[in-house]
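Quick mapping for you: the protein sequence lines, in order, are chains A and B.
Just so we're aligned, residue 54 is where the first sequence starts under this note's numbering, counting upward by one.
Just so we're aligned, residue 659 is where the second sequence starts under this note's numbering, counting upward by one.
What the hints contain is simulated information worked out from the structure, not anything from laboratory work.
Please read all numbers here as calculations on a predicted model, not as lab measurements.
Glycine included, each C-beta is placed from N, C-alpha and C at the ideal position.
It is possible that some hints are incorrect.
Said to hold, decoys possible - Here are a few chain B residues that face chain A, going by a calculated C-beta distance under 7 Å: (1) Ser709; (2) Cys959; (3) Phe964.
To be verified - Stretch by stretch, here's where chain B covers chain A in the computed footprint (C-beta under 8 Å, at least three residues): (4) 57 to 69; (5) 81 to 87.
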Amino acid sequence: MSKQFALSVDRIKCDGRGLCAELLPELIRLDDWGYPILAPGPVPEHLIPLAQRAVEDCPVLAIALRRTQLKK
Amino acid sequence: MTGLLGTPDAMTPLPRVGSEIIDAIERSRLVGRGGAGFPVATKWRAVAQRSHGDAVIVVNGAEGEPQSKKDRVLMSERPHLVLDGAFIAARALRARHVILYIGERHDAARSAMLRALSARPEPERGRVTASSAPARYVAGAEAAAVHFLNEGIATPTNVPPYPFERGVGGAPTLVQNVETLAHVALLARTGHTPQTALVTLAGAVKRPGVLEVEPHTTIGDAVQRGGGATEAPRAILVGGYFGSWVEPEQAWNLELNPDSLRRNGLGLGCGVIGLLPASRCPVCETAGIMRYLAGESSAQCGPCFFGLRALADACTRVAERGSNPEDLKRLQRWAIDVRGRGACRHPDGAVMFLSSSLQVFGQEFASHRSHHVSRTA
Ligand SMILES: Cc1cc2nc3c(=O)[nH]c(=O)nc-3n(C[C@H](O)[C@H](O)[C@H](O)COP(=O)(O)O)c2cc1C
Ligand code: SF4
Ligand code: SF4
């Protein structure tokens, strides 16, 4: 099976300035208070570089891109 | 059959138990009674696997739910039974420390637990310390309890690491509700759990308070045991503030056990069965509870802090100024947006409650006329 990656947000760290949604509108939209809502499911392969950027550019390092866990 | 309440509380020697008690718990299909309904055996295995004689047992008697009284009644009436459950957990999971985490306002319960503890022999007694849970709704959440015991701050933290991985003092930790532990104690003594549940009758019932109910007891039976309703109820809240409203006709026949409630898309939650009298406005009631839950957010996560506040404000606008399509649409949309977006399940519980309000009281929300909000909670 090929590698799959998923985004997650640390809800306590995130301060909702929404940079991530600007970088990756395909997968991240903002709620009415400016906090990110992530599209469910794995990150499509062609968006992985952008997702990586969102991780690096988040000012409070609240986003992670992790290999998805295999279901038990 | 002996149950949790109505039997004299006595200290008798602890039954011998080892890890096989976990298999017995699994066969009994016991689920947690603190609200989440999680299988107990799964949690015990997770701690047992990681314990090197260093595990910690947190006896959760925070009981932060405003209308719930069952944990307090149990701690006051059967403190030895709760302690038995905690010591059995300590043996089975090879724990070195047991912490009683009891709501700071639950004085009678704390005194009863400490009195019972002082009658206990060593080495058990020496393993126990007592701690007061702050009187906030989220203080009873598992990760908040661990945070408080480690750093004195009763707010939830991110998981993972879960308490069973890294809890109090970094050790694998079991956080278990007092009623759950009492069921385990009976199981270890008698070979079976009574399969009963403690519920708190609240609202428009003649004798509000705590009952122990058999698995086939319906909500209608339980209300009868509480002397009946004081007036026809408009709806019944099953499971407390993280629970759901149910139409009375449907509620009367629901059996108060986790399996049958789950089949109906409900849960026992913290065991509160609240009767909303037909004379009370359901919109105002919902607005009051939403304001309470918004105020109890630990204000760490944006979607919970801002989202619950916005939802409570929108409910209050409908309650105070009357229905308007914009707010009704917002309520529906935000209830979906907020779900699953906090470090703990506080926002999820709140929007689950709200969604049941919007469904059961759809008519009232759509046609509400302005009047002033009566305070609840
Ligand atoms: C906001 C919040 C508040 C909670 N408050 C309590 C509480 O007061 N008492 C309790 O036993 N569990 C409470 N819980 C559930 C605990 O997180 C945990 O699931 C429980 O103590 C585990 O024990 P159990 O499996 O025996 O129910 C709360 C959960 C949340 C999300
Ligand atoms: S960039 Fe980081 S802090 Fe800003 S909204 Fe996205 S996750 Fe939150
Ligand atoms: S979800 Fe809400 S209650 Fe839970 S930790 Fe975040 S802010 Fe606090």
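Hint by hint, here is what the structure shows:
The beta carbon of Ser709(B) comes no nearer than 21 Å to any beta carbon in chain A, farther than 7 Å, and the hint placing it at the interface is violated. The beta carbon of Cys959(B) is positioned within 7 Å of a beta carbon in chain A (closest approach about 4 Å), and the interface hint is therefore held. The beta carbon of Phe964(B) comes within 4 Å of a beta carbon in chain A, closer than 7 Å, and the hint placing it at the interface holds. Coverage of the segment 57 to 69 of chain A by chain B holds [criterion: at least 3 residues with CB-CB distance below 8 Å; count 6].
With 4 residues bearing a CB less than 8 Å from a CB of chain B, the segment 81 to 87 of chain A meets the requirement of three and the coverage assertion stands.
When each numbered hint is compared with the structure, a violation occurs for hint 1 only.
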